[in-house]
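**Q** Now for the letters of each chain:
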Amino acid sequence: MPRYRSWGRYPAATPAAVLPVDWRSDPPALDRVRQPVLPYACGRSYGDSCLNDGGVVLDVRRLDRLIAFDQERGLLQCEAGVTLAEILALVVPRGWFLPVVPGTRWVSVGGSIANDIHGKNHHRAGTFGAHVSRFELLRSTGQRTVCTPGDELFRATVGGLGLTGLILWAEIMLKRIPGPAIAVERIRFPGLDAFFALAADDRDFEYTVAWVDCLARGPRLGRGIYMRGDHAPQDGTVPSPLRPARFRVPLDAPAGVLNATTLGLFNEAYYRGQLRGRLRSTVPYAAFFFPLDGVGDWGRLYGANGFVQYQCVVPDVGGGGPIRAIFERISRSGEPASLAVLKRFGNIRSPGLLSFPREGMTLAVDFAVRGRTLALLEDLDAIVRETGGAVYPAKDARMSAASFRAFFPELERFTAQRDAKFSSSFWRRVHAS
Amino acid sequence: MPPETSTRVLIVGATSAIAAETARVYAAYGARLFLAGRNPQRLEAVAADLRVRGAGSVLTAVLDVTDRQRCDAVVEEAWSTFGGLDVALLAHGVLPDQARCQASAAATIEALEVNFTSAVALLTPLANRFESAGRGCIAVITSVAGDRGRQSNYVYGAAKGGLDRFLEGLRNRLFHAGVAVVTLKPGFVDTPMTAGLTQGPLFASARRAGRDIHRSIERRRDVAYIPWFWRPIMAILRSLPETVFKRLRL
Ligand SMILES: Cc1cc2nc3c(=O)[nH]c(=O)nc-3n(C[C@H](O)[C@H](O)[C@H](O)COP(=O)(O)OP(=O)(O)OC[C@H]3O[C@@H](n4cnc5c(N)ncnc54)[C@H](O)[C@@H]3O)c2cc1C
Ligand SMILES: NC(=O)c1ccc[n+]([C@@H]2O[C@H](COP(=O)([O-])OP(=O)(O)OC[C@H]3O[C@@H](n4cnc5c(N)ncnc54)[C@H](OP(=O)(O)O)[C@@H]3O)[C@@H](O)[C@H]2O)c1
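As given, the protein sequences belong to chains B and H, one line each in that order.
Mapping the first sequence onto this note's numbering, position 194 (from 1) lands on 304, and the numbers just tick up by one.
Mapping the second sequence onto this note's numbering, position 6 (from 1) lands on 36, and the numbers just tick up by one.
In isolation and in its complexed conformation, chain B is listed as follows (with noise of 0.2 Å):
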């Protein structure tokens, strides 16, 4: 059973071995190992930043204890396996919430600082690790160092992709909330440049992010449903309960189940499905931040070969050149995509040296994986350094080094600070020397 796969199952990888790391106190000695390690969580990240290949996986998910809540400042201490739904369940009924969440809530605390993650919110709050006032980084030697936010470590740890050692406990600034429920307004849109507008006015909203049919071809290319959202007084409770999936993919779908036309019908029903140009709704948190937790290991329906995830950020420039170009790249291409996720990233500076949240316009999209997708991608890589944007590792399994060179100026400052016994497939890949 190949436990310690990506989400998106794309590349396979065989680790030599898996050594658990199953208490804080006593953590086994890693200089001991001879091939290199990385820690391995809730393998929610979809390429191969989350994969060793060859290598020996440190096994971090019985690190899942609770350590200190202070409810007073909402500051929570836990251990890094810690998921974001198990946080979520124990402090909303207290009136917290997390800072950031990203699209799942099964992602560990040490996955969301190593990729420093991004929500909804971030032209509000920015990324997760802006909300991380200290963790324990233990290194290979056995040294273990409490980092802060002003330190080198630290910056290189969040969003460091789990290669400047192994975070054993970390604390969070949470946020106070009215209530469990979220407060929606969804805006059916025809095209980009209505899309722009709506994003340009975002200020007063916690929560936007947009659905996006990158299929659609002409004046249709763009079109699709912008959603914003608070977080709404409390008035009776809505409740949000922590259930796994109630529905789970049992198979990988045979391959071109999900096709351009299959896509595109569903893309269409997508944007159709909502009859009237605005819609206002009060929804469990759940609902709004998690649609797909509902469906257990859906990635399947993209067949045994796996597929990948594109996402992007670009300068947020007048008229929206360059997610234009990239839109009209992809619904050329003919390549069957997903709904696109579209969003503006704000101003907030990112804590990390290799964060991928930068001021601009971020863009995901699923592909399955075929030849042609690889190709497309490329050129879509082409047009995200021309323009000095990046791509996101997180979902990365086929950028090349010269592109991730390009992307993460800080390069260099980050490898001083890595730990030379952690690598993962990833890193093999693009950092070739």
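None of these hints come from the bench; they were simulated from the model.
Just so you know, these numbers come straight off a predicted model, no measurement behind them.
Even glycine gets a Cβ: it sits at the ideal position worked out from N, Cα and C.
There may be inaccurate statements among the hints.
Residues of chain B placed beyond 12 Å of chain H at every Cβ, according to the derived structure [unchecked claim]:
#: 1; residue: 179
#: 2; residue: 401
#: 3; residue: 410
#: 4; residue: 468
For the chain H half of the interface with chain B, some residues (derived, Cβ under 7 Å), not all of them [what the hints assert, rightly or not]:
#: 5; residue: 68
#: 6; residue: 71
#: 7; residue: 75
#: 8; residue: 82
#: 9; residue: 86
#: 10; residue: 177
#: 11; residue: 222
#: 12; residue: 226
Based on these hints, arrange chain H with the ligands on the given structure of chain B.
**A** Below, chain H with the ligands without anything else, positioned relative to chain B:
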């Protein structure tokens, strides 16, 4: 308020993955917990987790269960700290290396000590206290491995099977005093104890096992399989006659 708010629970082997999950269920109800285990740092990590999760109070005591006198002392300490106990759960155990045991009587006896004798050392004072209190519940984690002796694992199986029999007698004795004795028989559970085994579809998560154990204790079940589906599986295995069973490679 949930009925378990003031439940007083002693857990021996509290750093076990299964026991810690069971304790989390009690903690969520605000129960008061007394945790015994042999590693003080690990014990403190488990205790802190349970405090954050809402336990009414959490106390710890360091205990190596092969230390007979300490067993007595810890039972006494837990009992007097809370002024009595509602539940005592024994969860400690080791999965010995069968090949090593076959090569060495000392290794075999050591495995029997941790998995059987130590439980007896704890159950004797516990039974007497619960008996005079006339209420409460003693719960012990044995194993499906105790249901049948298999060539690959009969030292462990013998200890757990012996414990099953001991608990059966104890249940019979304490029934008349109004005290429940719950035998908990997990199948394969994904914990550090089984980290070396290849996982199959019959593996349950420690969380699932912990929840099932909590429910079995609250319902005062006599013998509970964890999860339930091991009951029919073991019924079939137990029904095989020795003439057939001895030929199998299990
Ligand atoms: C449906 C879905 C939606 C998503 N939405 C978003 C989104 O909106 N925004 C976003 O930013 N991301 C998103 N992601 C990506 C996901 O949030 C990140 O990949 C996240 O880092 C996964 O965390 P994990 O616990 O699964 O870590 P893994 O994938 O197991 O590991 C990720 C990285 O963290 C390192 N790591 C893990 N634990 C530790 C530790 N204890 N110490 C040091 N390093 C460690 C690993 O070595 C690896 O490099 C999404 C993923 C999915 C599947
Ligand atoms: N996992 C399974 O598949 C499975 C199946 C059937 C039955 N069981 C039983 O379930 C119980 C819990 O095991 P687990 O799966 O949760 O494994 P585990 O996490 O390895 O727990 C075993 C516990 O026993 C403790 N222990 C061992 N020797 C001890 C000693 N001399 N003194 C004090 N404590 C001692 C260990 O303490 P340390 O932390 O200090 O090592 C550890 O906390 C055990 O009785 C086991 O036999 C497990």
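**Q** If a hint holds in the structure, say so; if it does not, say that too.
**A** Hints versus structure:
Taking the minimum C-beta to C-beta distance to chain H, about 5 Å, the non-interface status of residue 179 of chain B is violated against the 12 Å cut. With a cut of 12 Å on Cβ distances, residue 401 of chain B stays outside the contact zone with chain H, its closest approach being about 24 Å. Listed as a non-interface residue, residue 410 of chain B keeps its Cβ farther than 12 Å from every Cβ of chain H; the least gap is roughly 17 Å. Every C-beta of chain H lies more than 12 Å from that of residue 468 of chain B, the closest at about 35 Å, which supports listing it as non-interface.
For the restraint placing residue 68 of chain H at the interface with chain B, the shortest Cβ-Cβ distance is roughly 13 Å, beyond the 7 Å limit, so the hint is violated. With a cut of 7 Å, the hint placing residue 71 of chain H at the interface with chain B holds, because the nearest CB-to-CB distance is about 3 Å. Interface restraint check for residue 75 of chain H: the shortest CB-CB distance to chain B comes to about 5 Å, inside 7 Å, so the restraint holds. For residue 82 of chain H, the interface hint holds, since its Cβ comes within 7 Å of a Cβ in chain B; the closest pair sits about 4 Å apart.
Taking 7 Å as the C-beta cut-off, the interface hint given for residue 86 of chain H is violated, the closest approach to chain B being about 16 Å. With a least beta-carbon distance of about 26 Å to chain B, the hint placing residue 177 of chain H at the interface is violated under the 7 Å criterion. Below 7 Å, beta-carbon pairs count as interface contacts, and residue 222 of chain H has one with chain B at about 6 Å; its hint therefore holds. Taking 7 Å as the C-beta cut-off, the interface hint given for residue 226 of chain H is violated, the closest approach to chain B being about 10 Å.
Consistency note: the structure conflicts with the earlier hints numbered 1, 5, 9, 10 and 12.
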